[in-house]
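Engineer: For the sequence shown, the positions run 15 to 443 when this note's numbering is used.
Since the hints were made in silico from the structure, they are not lab data.
You may find that some hints are simply not true.
[Said to hold, decoys possible] Derived SDA-like pairs: lysine to any residue, alpha-carbon spacing no greater than 20 angstroms straight-line:
1) Lys-181 with Thr-126
2) Lys-181 with Arg-193
3) Lys-180 with Asp-261
4) Lys-181 with Ile-102
5) Lys-181 with Arg-231
6) Lys-181 with Thr-286
7) Lys-181 with Asn-206
8) Lys-180 with Asn-206
9) Lys-180 with Arg-233
10) Lys-181 with Glu-232
11) Lys-181 with Leu-227
12) Lys-180 with Ala-190
13) Lys-181 with Val-211
14) Lys-180 with Asp-235
15) Lys-181 with Pro-197
16) Lys-181 with Tyr-168
17) Lys-181 with Leu-169
18) Lys-181 with Gln-228
19) Lys-181 with Asp-235
20) Lys-181 with Tyr-119
21) Lys-181 with Ala-204
22) Lys-180 with Gly-129
[As the list claims (entries may be wrong)] Per label pair, the in silico range of CB-to-CB distance:
23) Gln-405 with Ile-256: 47 to 53 angstroms
24) Leu-227 with Val-276: 47 to 53 angstroms
25) Ser-224 with His-40: 42 to 48 angstroms
26) Gly-317 with Glu-419: 15 to 21 angstroms
27) Gly-347 with Ala-431: 37 to 43 angstroms
28) Pro-440 with Gly-347: 24 to 30 angstroms
29) Leu-409 with Arg-124: 49 to 55 angstroms
30) Gly-49 with Arg-124: 18 to 24 angstroms
31) Thr-439 with Arg-233: 47 to 53 angstroms
32) Val-211 with Glu-100: 38 to 44 angstroms
33) Ser-223 with Pro-80: 18 to 24 angstroms
34) Ser-223 with Gly-441: 49 to 55 angstroms
Positions of the beta carbon are idealized from the N, C-alpha and C atoms, including for glycine.
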Amino acid sequence: MKMTTFAALLAATTGLAAPAVAQDLHFPMLNYRTGPFAPGGIPFADGYQDYLTLINERDGGIGGLPIRMSECETAYNTERGVECYESIRGDNPLIIQPLSTGITYQLIPRVTADGVPLHTMGYGRTSAMQGETFPWVFNYPANYWDGASVAINYLLSQNGDSLEGKKIVLLYHNSAYGREPIPTLESLAASNGFELVLIPVDSPGQEQSSQWLQIRRERPDYVIMWGWGVMNAVAIQEAANIRFPMDHFIGIWWSGSENDVVPVGAGADGYTALTFHGVGRDYPLYDDIQTYVVDRGLAAGNGDQIGSAVYSRGLYAAMLAVEAARTAQELAGHAQINAAEMRAGMEALSITEERLAELGLPNFSAPFDVSCQNHGGGGAAMMQQWDADTQTWSLITDWIQSDRELIGELATADAAAYATENNITPGCL
Numbered sequence: 015m016k017m018t019t020f021a022a023l024l025a026a027t028t029g030l031a032a033p034a035v036a037q038d039l040h041f042p043m044l045n046y047r048t049g050p051f052a053p054g055g056i057p058f059a060d061g062y063q064d065y066l067t068l069i070n071e072r073d074g075g076i077g078g079l080p081i082r083m084s085e086c087e088t089a090y091n092t093e094r095g096v097e098c099y100e101s102i103r104g105d106n107p108l109i110i111q112p113l114s115t116g117i118t119y120q121l122i123p124r125v126t127a128d129g130v131p132l133h134t135m136g137y138g139r140t141s142a143m144q145g146e147t148f149p150w151v152f153n154y155p156a157n158y159w160d161g162a163s164v165a166i167n168y169l170l171s172q173n174g175d176s177l178e179g180k181k182i183v184l185l186y187h188n189s190a191y192g193r194e195p196i197p198t199l200e201s202l203a204a205s206n207g208f209e210l211v212l213i214p215v216d217s218p219g220q221e222q223s224s225q226w227l228q229i230r231r232e233r234p235d236y237v238i239m240w241g242w243g244v245m246n247a248v249a250i251q252e253a254a255n256i257r258f259p260m261d262h263f264i265g266i267w268w269s270g271s272e273n274d275v276v277p278v279g280a281g282a283d284g285y286t287a288l289t290f291h292g293v294g295r296d297y298p299l300y301d302d303i304q305t306y307v308v309d310r311g312l313a314a315g316n317g318d319q320i321g322s323a324v325y326s327r328g329l330y331a332a333m334l335a336v337e338a339a340r341t342a343q344e345l346a347g348h349a350q351i352n353a354a355e356m357r358a359g360m361e362a363l364s365i366t367e368e369r370l371a372e373l374g375l376p377n378f379s380a381p382f383d384v385s386c387q388n389h390g391g392g393g394a395a396m397m398q399q400w401d402a403d404t405q406t407w408s409l410i411t412d413w414i415q416s417d418r419e420l421i422g423e424l425a426t427a428d429a430a431a432y433a434t435e436n437n438i439t440p441g442c443l
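All chains should be built: construct the whole structure from the sequences, respecting the hints.
Structural biologist: Put into structure tokens, the structure is as follows:
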């Protein structure tokens with residue numbers, strides 16, 4: 015493996031004198047391998063950890079420094095998530111990924127005061143895309159309002175660019191997470207002339223008889239689901255029971271994993287969901303994962319989740335963190351970066367098609383750039399569909415762009431209200 019010019023120069027320089035203390039880059043992990051949402055939390059955590067292990071084993075770390083991993087179990091519980099953050103905040107964490115919208119809302123003021131960057135990839139507070147108000151929070155490459163907009167844009171493409179007179183149900187997890195897309199969908203309903211029906215499901219979502227009885231009465235043209243954990247599989251089974259057409263049932267990316275469809279069997283065939291990254295394991299990077307991680311007995315799990323939807327999402331989150339750290343090192347001119355320098359790297363992050371190919375992930379994600387004003391990336395997503403016979407997801411669209419003008423207006427208003435409530439003067443750091 016060839017060293018980058020920066021890494022080679024750094025190695026030559028640091029080799030002149032032994033460092034006084036061991037140097038490393040701390041990437042903590044707030045995971046949930048236990049609790050009702052563990053079936054989704056485990057593969058994400060495994061993908062995240064396996065990628066960081068790969069960087070250590072294959073590349074010797076980032077810029078010549080090893081990645082130090084630590085794990086704290088949240089069980090997807092907000093209070094425990096805050097406790098995890100408090101336990102690591104003094105240990106030089108470079109980036110926090112809470113994996114929970116509820117935890118995210120609690121950590122935003124804390125990381126802002128402490129100066130620790132927070133990355134909530136595809137979840138969390140959508141208006142955090144406004145970097146001038148939320149300088150320490152990032153939610154690239156897409157957020158929940160992007161997801162809602164992409165779902166509607168997809169439905170528009172399936173209906174001659176008109177949803178006038180259609181009825182769409184939002185079946186959502188009755189939490190901060192599930193309620194996040196409602197403002198966007200309400201705006202899109204008003205502008206596109208469709209009726210929006212809101213149906214909440216209390217956590218964990220194992221009982222949905224009354225909700226699906228209501229859906230039968232409403233006779234919607236489409237159902238969009240904002241679910242997580244067991245709620246998803248139960249909903250898809252209920253939809254199959256009433257013979258609701260699966261290609262008219264769309265899940266957000268957290269409702270589009272193998273865990274959601276495999277338990278339903280043939281009844282889940284044709285179910286669709288959004289995704290902001292590729293599907294399957296037909297990428298050169300996964301061969302490296304096999305060689306440097308799995309075959310060496312270093313995998314976080316037993317290796318059977320590689321290429322699954324949520325494993326790939328965890329891997330993608332880790333890749334973005336590593337690329338931000340590389341960018342931070344280049345900007346700082348040294349490898350032992352601190353949290354403030356990591357934040358600068360995240361804000362200068364640029365994911366290009368060329369770089370994705372170099373990483374062994376060609377066409378895995380849409381290219382995007384981050385800036386002071388835009389911490390949310392590009393906002394594009396694709397549609398994937400489940401094939402129950404082959405037990406695989408396949409992409410059925412190219413990248414679909416969200417309505418960033420509308421989302422920007424909504425996010426600006428929400429960020430302004432947050433700034434007023436918290437006495438924040440927006441601006442670039």
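Engineer: Could you run down the list of hints and mark each one as holding or not?
Structural biologist: So, going through the hints one by one against the coordinates:
1. Lys-181 with Thr-126: violated (41 angstroms)
2. Lys-181 with Arg-193: holds (19 angstroms)
3. Lys-180 with Asp-261: holds (16 angstroms)
4. Lys-181 with Ile-102: Roughly 47 angstroms separates the two Cα atoms, so the pair is violated.
5. Lys-181 with Arg-231: Within the cut-off at roughly 12 angstroms; holds.
6. Lys-181 with Thr-286: With Cα atoms ~18 angstroms apart, Lys-181 and Thr-286 stay inside 20 angstroms; holds.
7. Lys-181 with Asn-206: Holds, at about 11 angstroms.
8. Lys-180 with Asn-206: The given pair, whose Cα atoms are some 9 angstroms apart, holds under the 20 angstroms limit.
9. Lys-180 with Arg-233: holds (10 angstroms)
10. Lys-181 with Glu-232: Status holds; Cα separation ~8 angstroms.
11. Lys-181 with Leu-227: Judged against 20 angstroms, a Cα distance of about 16 angstroms means the pair holds.
12. Lys-180 with Ala-190: violated (27 angstroms)
13. Lys-181 with Val-211: holds (7 angstroms)
14. Lys-180 with Asp-235: Holds: Lys-180 and Asp-235 sit about 6 angstroms apart, inside 20 angstroms.
15. Lys-181 with Pro-197: Between Lys-181 and Pro-197 the Cα gap is close to 17 angstroms, so the pair holds against 20 angstroms.
16. Lys-181 with Tyr-168: holds (15 angstroms)
17. Lys-181 with Leu-169: Distance ~12 angstroms between Lys-181 and Leu-169 Cα, so the pair holds.
18. Lys-181 with Gln-228: holds (13 angstroms)
19. Lys-181 with Asp-235: holds (5 angstroms)
20. Lys-181 with Tyr-119: Answer violated: Lys-181 to Tyr-119 is near 32 angstroms, above 20 angstroms.
21. Lys-181 with Ala-204: Roughly 12 angstroms between the alpha carbons, so the hint for Lys-181 and Ala-204 holds.
22. Lys-180 with Gly-129: violated (47 angstroms)
23. Gln-405 with Ile-256: 47 to 53 angstroms: violated (24 angstroms)
24. Leu-227 with Val-276: 47 to 53 angstroms: violated (26 angstroms)
25. Ser-224 with His-40: 42 to 48 angstroms: With Cβ atoms ~47 angstroms apart, the hint holds.
26. Gly-317 with Glu-419: 15 to 21 angstroms: violated (44 angstroms)
27. Gly-347 with Ala-431: 37 to 43 angstroms: For Gly-347 and Ala-431 the Cβ distance comes to about 39 angstroms; the hint holds.
28. Pro-440 with Gly-347: 24 to 30 angstroms: holds (29 angstroms)
29. Leu-409 with Arg-124: 49 to 55 angstroms: violated (38 angstroms)
30. Gly-49 with Arg-124: 18 to 24 angstroms: holds (22 angstroms)
31. Thr-439 with Arg-233: 47 to 53 angstroms: holds (50 angstroms)
32. Val-211 with Glu-100: 38 to 44 angstroms: holds (41 angstroms)
33. Ser-223 with Pro-80: 18 to 24 angstroms: violated (52 angstroms)
34. Ser-223 with Gly-441: 49 to 55 angstroms: At roughly 51 angstroms between Cβ atoms, Gly-441 and Ser-223 fall inside 49 to 55 angstroms, so the hint holds.
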